[in-house]
Amino acid sequence: MSQRLTGAEALVRSLEQVGVEVVFGLPGGAILPVYDPLIDSSIRHILVRHEQGAGHMAQGYYWSTGKPGVAVVTSGPGATNILTPITDAFMDSVPMVVIAGQVSRAAIGSDAFQEAPTFNMTMPVTKHNYVVMDPAEIPQVVAEAFHLATTGRPGPVFIDLPKDVAASEMDWWWPEDPAANLAGYRPTTSGHPKQVKEAIRLLAESARPVIYAGGGILKARAAAELREFAEKTRVPVVTTLMARGALPDDHELCLGMPGMHGNYAAVTSLQRSDLLLALGSRFDDRVTGRVADFAPDAKVVHVDIDPAELSKVRHADVPIVGDCRIVIDSLVKEFDKSERRREERGDPPPDRDAWLVQIEVWRDKFPYRYVEGSDDKVVKPQYVIERLCAAAPDATVVGGVGQHQMFASQWWRFSRPYQWINSGGLGTMGFAIPAAVGAKAGDPDRVVWAIDGDGCFQMTLQELITASVERIPVKIAILNNGYLGMVRQWQELFYEERYSEVHLGTDIPDYVKLAEAMGCVGFRVDTVPDVDAVIAKAMEIDDQPVVIDFRIDPMEKVYPMVPAGTSNDGLLLGPAYGQVEDERELTALADSDGAAPMTHGGEDEPPPEHPEGHIELDKGGF
Amino acid sequence: MSAMEPHLTTLSVLVENQPGVLARVAGLIARRGYNIESLAVGPTDDPGFSRMTLVVDQTQTHVEQIVKQLYKLINVIKIIELDPTDSIERELLLVRVACTAETRFQVLELAEIFEAKVADVGAESVALELSGPPSRLNDLLELVEQHGIKEVARTGRIGLERARKRAAI
Ligand SMILES: Cc1ncc(C[n+]2csc(CCOP(=O)(O)OP(=O)(O)O)c2C)c(N)n1
Ligand SMILES: [Mg+2]
Numbered sequence: 001m002s003q004r005l006t007g008a009e010a011l012v013r014s015l016e017q018v019g020v021e022v023v024f025g026l027p028g029g030a031i032l033p034v035y036d037p038l039i040d041s042s043i044r045h046i047l048v049r050h051e052q053g054a055g056h057m058a059q060g061y062y063w064s065t066g067k068p069g070v071a072v073v074t075s076g077p078g079a080t081n082i083l084t085p086i087t088d089a090f091m092d093s094v095p096m097v098v099i100a101g102q103v104s105r106a107a108i109g110s111d112a113f114q115e116a117p118t119f120n121m122t123m124p125v126t127k128h129n130y131v132v133m134d135p136a137e138i139p140q141v142v143a144e145a146f147h148l149a150t151t152g153r154p155g156p157v158f159i160d161l162p163k164d165v166a167a168s169e170m171d172w173w174w175p176e177d178p179a180a181n182l183a184g185y186r187p188t189t190s191g192h193p194k195q196v197k198e199a200i201r202l203l204a205e206s207a208r209p210v211i212y213a214g215g216g217i218l219k220a221r222a223a224a225e226l227r228e229f230a231e232k233t234r235v236p237v238v239t240t241l242m243a244r245g246a247l248p249d250d251h252e253l254c255l256g257m258p259g260m261h262g263n264y265a266a267v268t269s270l271q272r273s274d275l276l277l278a279l280g281s282r283f284d285d286r287v288t289g290r291v292a293d294f295a296p297d298a299k300v301v302h303v304d305i306d307p308a309e310l311s312k313v314r315h316a317d318v319p320i321v322g323d324c325r326i327v328i329d330s331l332v333k334e335f336d337k338s339e340r341r342r343e344e345r346g347d348p349p350p351d352r353d354a355w356l357v358q359i360e361v362w363r364d365k366f367p368y369r370y371v372e373g374s375d376d377k378v379v380k381p382q383y384v385i386e387r388l389c390a391a392a393p394d395a396t397v398v399g400g401v402g403q404h405q406m407f408a409s410q411w412w413r414f415s416r417p418y419q420w421i422n423s424g425g426l427g428t429m430g431f432a433i434p435a436a437v438g439a440k441a442g443d444p445d446r447v448v449w450a451i452d453g454d455g456c457f458q459m460t461l462q463e464l465i466t467a468s469v470e471r472i473p474v475k476i477a478i479l480n481n482g483y484l485g486m487v488r489q490w491q492e493l494f495y496e497e498r499y500s501e502v503h504l505g506t507d508i509p510d511y512v513k514l515a516e517a518m519g520c521v522g523f524r525v526d527t528v529p530d531v532d533a534v535i536a537k538a539m540e541i542d543d544q545p546v547v548i549d550f551r552i553d554p555m556e557k558v559y560p561m562v563p564a565g566t567s568n569d570g571l572l573l574g575p576a577y578g579q580v581e582d583e584r585e586l587t588a589l590a591d592s593d594g595a596a597p598m599t600h601g602g603e604d605e606p607p608p609e610h611p612e613g614h615i616e617l618d619k620g621g622f
Numbered sequence: 001m002s003a004m005e006p007h008l009t010t011l012s013v014l015v016e017n018q019p020g021v022l023a024r025v026a027g028l029i030a031r032r033g034y035n036i037e038s039l040a041v042g043p044t045d046d047p048g049f050s051r052m053t054l055v056v057d058q059t060q061t062h063v064e065q066i067v068k069q070l071y072k073l074i075n076v077i078k079i080i081e082l083d084p085t086d087s088i089e090r091e092l093l094l095v096r097v098a099c100t101a102e103t104r105f106q107v108l109e110l111a112e113i114f115e116a117k118v119a120d121v122g123a124e125s126v127a128l129e130l131s132g133p134p135s136r137l138n139d140l141l142e143l144v145e146q147h148g149i150k151e152v153a154r155t156g157r158i159g160l161e162r163a164r165k166r167a168a169i
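Taken in order, these protein sequences are the chains called A and B. Per this note's numbering, the very first residue in the first sequence carries number 1; after that it's consecutive. Per this note's numbering, the very first residue in the second sequence carries number 1; after that it's consecutive.
Everything labelled a hint here was simulated from the structure, so no lab data went into it. Since we're looking at a predicted model, the values are computed, not measured. Be a bit skeptical, because a hint or two may be false.
[Unchecked claim] Here are the computed distance ranges between Cβ atoms for each label pair: (1) B:Ser135 with A:Ala354: 55 to 61 Å; (2) A:Glu137 with B:Leu22: 30 to 36 Å; (3) A:Ser338 with B:Leu22: 48 to 54 Å; (4) B:Ser131 with A:Ser190: 44 to 50 Å.
[To be verified] DSBU-like cross-link-like pairs, simulated, lysine-lysine; straight-line CA separation at most 35 Å: (5) B:Lys78 with A:Lys194; (6) B:Lys68 with A:Lys194; (7) A:Lys67 with B:Lys68; (8) B:Lys78 with B:Lys165; (9) A:Lys232 with B:Lys68; (10) B:Lys117 with A:Lys299; (11) B:Lys68 with A:Lys333; (12) A:Lys197 with B:Lys68; (13) A:Lys197 with A:Lys337; (14) A:Lys337 with B:Lys68; (15) B:Lys165 with B:Lys117; (16) B:Lys72 with A:Lys299; (17) A:Lys232 with A:Lys299.
Yeah, the Cβ is synthetic: ideal placement off N, Cα and C, and Gly gets one too.
Chain A extracted, bound-state conformation:
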């Protein structure tokens, strides 16, 4: 005989059934029935201080464990507070399941207390969402939600659970096949053999190929396959902001980050390439710059599990729908075959020496560089990252959003996949602290450093209370420039240094006292020699969260830089390379809100304007 359970009990048991070990959340009226059986469950609940924290923690947890993150919140404001992380997870294809309470069925639509139309609100920012109107459906909905969140192109799934559904009884059951009712959901995982062949044929003909590796590599857990493919074919690899660490930075074929703040070799190798092997990447405007000018001579092989990404921004000559791991594996096999055939014919391998030498020259001449401080009192943010990386090379690194995020991505030498966690697509300030807490909760043995901005820190700092109370000893490095630095940088470059509402000040709040008040250890660093000394102290603490307030050079800017909406050919190297730039010339390029224009293919972007006074380096010859 089957067991009678309440909907809430069925929910908790369903979560156990799919292997959930940790949930992040905060209770309230509509979700009360669910919190009662949670007491008796094996699942660990981490009580956050704001629901946004629960969502980002769930994201961080995914990155460090590979398992979907789970958050539980109440109706109305609880649910609306978690909309930002849901959207963030949607943009970055992070598997996450969010369960929200809802007012009772009879009250839905009546503007009841704490009723919000969360089913409607989450619709466009989730992979799928549910409102459960019958407790008997709960096991099916939970099984489906986890199946959808983790397969195909991963993403967030939202479950709206009315209070009376959670409170009423059902006969417990468990679906054998989570996909049994998903007639419209059949993700294609293996690439079409003809397309795979065609991709390898194009590669054989290519003189200047580049692998453009995106976050899909990590979602597909395909880092090993990527490495094998790159090494066999000897094709250099750029790793986007979402794929940092997919190939280690010290690998000879790794060119590092492309895009708006990418390094010269990564940006320019894409620009000059004749064949882009886009693997799990999506031609984001932060990578392409002005789309019409992006990699103008390149044919494109585009592999993605989401067919809608193929030819969305840039036409794919060889579109391949499939899971990156499976498709790259087929590419390797097909490459082996074609190599055997070539050897049998006695043909030489394609001559790419000139290309590889050219890239080497770019790498050599224009590595990331910064102007060192004039004395010991000027602490450069890049230096802080270098020293953190030296002290904890294997740490998990979590970025906020702003200049510090770009410095972290540029200057940390990533040695493994899933080492770097950040908010790429949505660019959510406040991501770092909660995501670091979630990452550490999922992988407690690993040192976790959040590299945060002072502005970002102030958005979600209360989750350090969660970290202290729950004994999740994360480490936070605030690159404190006293500014909303990235916005200040744009105002300096594109708005004639008219600084509007970007000054935060360095002294209020007092970050050391604030850290202590939240149960953390706080340090402050004002001088260059203190950097190493304080990092060493922080590394010794493993039973409490640590916050270091690094007072950095407030005027430092992130370079290289491609101004938004312009061609990647106009990459500005910045002052560290010894050239004089009249940055005032760039004011004409500013777009209204600092965001790249939304397009369906780049046709309606403004015409390129080439700023005077900047040298087009790759035409200078070497």
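Dock chain B with the ligands against chain A, hints included.
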């Protein structure tokens, strides 16, 4: 027709009959920045499914993108792009035309030519009902315009692919 020029495309979308599915489809198209010219929803022979017929005015590239995005909706089962030369498309029109005792006859004559039904007659107006390909509906509207159109209601088009004329061997 050039792939770069916008043109009317009819998409026949088979969806699961689930709560919110209309909002999902309409919301997705609005969210991606495309306009819907018309949208008609109705049941199919299977109560588990509904069919939506939507018409968009887009370039071929954008139509392909819309189709791919729609397929990502879990409740969308199948999408057919109806080729105007190889499908039957129909729409229903109700139009109330102003008339006097003298002009009523002219309006009714037009109705007869179009084989439109007279749905309602009043002292100062006649309501006509016509179903057919959307272009025919447009023609009728254009011709009754001179009398004064008081109200128009259209269903939006629905369509099916044409059957093969020969049985498969
Ligand atoms: C929630 C949110 N609001 C606003 C922005 C716009 N924004 C991008 S970077 C930035 C400044 C971040 O300041 P801080 O955390 O101090 O980092 P810094 O750039 O100074 O390193 C702002 C306001 C954003 N990305 N997210
Ligand atoms: Mg700052």
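Okay, the hints, checked on the actual structure:
Restraint check, Ser135 of chain B to Ala354 of chain A: a C-beta distance of roughly 60 Å satisfies the suggested window 55 to 61 Å. The supplied range of 30 to 36 Å is broken by Glu137 of chain A and Leu22 of chain B, whose beta-carbon atoms lie about 21 Å from each other. Distance hint check: the CB atoms of Ser338 of chain A and Leu22 of chain B are about 49 Å apart, consistent with the given range 48 to 54 Å. Evaluation of the 44 to 50 Å hint for Ser131 of chain B and Ser190 of chain A yields a pass: the beta carbon distance comes to about 47 Å.
Distance hint between Lys78 of chain B and Lys194 of chain A is fulfilled; the C-alpha atoms sit about 25 Å from each other, no more than 35 Å. This hinted pair checks out: Lys68 of chain B and Lys194 of chain A have alpha carbons roughly 21 Å apart, not beyond 35 Å. Taken as a hint, the Lys67 of chain A and Lys68 of chain B pair is honoured in the structure, with Cα atoms around 27 Å apart against an allowance of 35 Å. Distance check on the hinted pair: Lys78 of chain B and Lys165 of chain B sit about 24 Å apart at the alpha-carbon level, within 35 Å; holds.
A hinted pair counts as satisfied when its Cα atoms are at most 35 Å apart, and Lys232 of chain A with Lys68 of chain B qualifies at roughly 34 Å. A hinted pair counts as satisfied when its Cα atoms are at most 35 Å apart, and Lys117 of chain B with Lys299 of chain A does not qualify at roughly 58 Å. Taking the CA atoms of Lys68 of chain B and Lys333 of chain A, the gap is about 29 Å. The hint holds against a cut of 35 Å. At roughly 24 Å between alpha-carbon atoms, Lys197 of chain A and Lys68 of chain B fall within 35 Å of each other, so this suggested pair holds.
About 10 Å separates the Cα atoms of Lys197 of chain A and Lys337 of chain A, which keeps this hinted pair within 35 Å; it holds. Between the alpha carbons of Lys337 of chain A and Lys68 of chain B the distance comes to roughly 33 Å, so the proposed pair stays at or under 35 Å and holds. Pair hint Lys165 of chain B plus Lys117 of chain B holds up; C-alpha atoms about 31 Å apart against a cutoff of 35 Å. Distance restraint check for Lys72 of chain B and Lys299 of chain A: the Cα-Cα separation of roughly 27 Å lies within the 35 Å cut-off, and the hinted pair is therefore satisfied.
Between Lys232 of chain A and Lys299 of chain A the alpha-carbon distance is near 21 Å, which keeps this suggested pair within the 35 Å criterion.
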